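Build the full structure now, drawing on both the sequences and the hints.
Heads up: the protein sequence lines correspond to chains A and B, in order.
With the first letter of the first sequence counted as 1, position 2 gets the number 2 in the working numbering; the numbers rise by one all the way through.
In the working numbering, each residue carries its 1-based index in the second sequence increased by 1000.
Read the hints as simulated data drawn from the structure, not as lab findings.
Fair warning: there could be bad hints in the mix.
DMTMM-like, lysine to aspartate or glutamate: derived pairs with alpha carbons at most 20 Å apart [said to hold, decoys possible]: (1) A:Lys71 - A:Glu24; (2) B:Lys1104 - A:Glu107; (3) B:Lys1104 - A:Asp54; (4) B:Lys1104 - B:Asp1083; (5) A:Lys57 - A:Glu69; (6) B:Lys1104 - A:Asp38; (7) B:Lys1051 - B:Glu1017; (8) B:Lys1036 - A:Asp38; (9) B:Lys1036 - A:Glu69; (10) B:Lys1070 - B:Asp1018.
Because the structure is a prediction, the values reported are computed rather than measured.
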Amino acid sequence: DGGITQSPKYLFRKEGQNVTLSCEQNLNHDAMYWYRQDPGQGLRLIYYSQIVNDFQKGDIAEGYSVSREKKESFPLTVTSAQKNPTAFYLCASTRETFTGNTIYFGEGSWLTVV
Amino acid sequence: GQQVMQIPQYQHVQEGEDFTTYCNSSTTLSNIQWYKQRPGGHPVFLIQLVKSGEVKKQKRLTFQFGEAKKNSSLHITATQTTDVGTYFCAADSGGSNYKLTFGKGTLLTVNP
Chain A
1 DGGITQSPKY LFRKEGQNVT LSCEQNLNHD AMYWYRQDPG QGLRLIYYSQ
51 IVNDFQKGDI AEGYSVSREK KESFPLTVTS AQKNPTAFYL CASTRETFTG
101 NTIYFGEGSW LTVV
Chain B
1001 GQQVMQIPQY QHVQEGEDFT TYCNSSTTLS NIQWYKQRPG GHPVFLIQLV
1051 KSGEVKKQKR LTFQFGEAKK NSSLHITATQ TTDVGTYFCA ADSGGSNYKL
1101 TFGKGTLLTV NP
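Below you can see the structure in the form of C-alpha cells.
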C-alpha cells in the first residue's frame, strides 16, 4: 500500500546530541513537509521541499536541518541547537506544489530529550 | 504572515449533543481544509472547501465556508464516542509556493 513511513516512532535523545528522523513516501509526491506538534499549539511548519535538491524554511526552522536527495526521502535532523526539541514530529507530502492539494501525513515520531 | 484562529480550544459534550468548531483567517483564502486527529494518531484529511458560501456534508458532519472566504466551521450533529479527537482547520492562501497554515485545533471529548 502507498503511504508515508516515519521512523523511529519513539526516540530518546540526550542533551547535546543530534538525531535524525526518517521519512519515506512511495506516493510519488513532489512536495514533502515536516511539522512539529506540541500540546495546544497545533501544527507548526519546520521545513518543506517542493522538488528534489531544494527546500525552504518554514515558521520554526531554527535548530533543524533537512535534505532532499531523493524524491522519496526527506529526513529531518534535530540538532543540539534546538533548545526544546521534545515534541511529536509529523512528516507529510502532497502530490503537487500547487494550491488545493490534500496533505497526507505519516504516523509521526515522538522525540523526548532526557 | 498568515494567521488562523480556531475556537474553542476544548469542547466536552455528552453523547448525542451537537458540536461546532470555528476557524477564522486574517486574510482571504483560496481554500480551507479540515483534518481530524484521533488521540495518539496522525491528522487525516476530512474535506476541502473552495467556493464562497460553500456547504458540504458528510453524514453527521457539516462544513461551511464563509461568503468572504475568511472563515469556516465544522458542525457535528448528535455526537458519538467515535467523534473524539482534535479537529484542525488548515488555511490555504493560494499560489505555487504551497503550504498550509493550521489552526491550533479543537479537542473534542464525548461522555458516553
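Failing hints, ascending?
-> 3, 7, 9, 10
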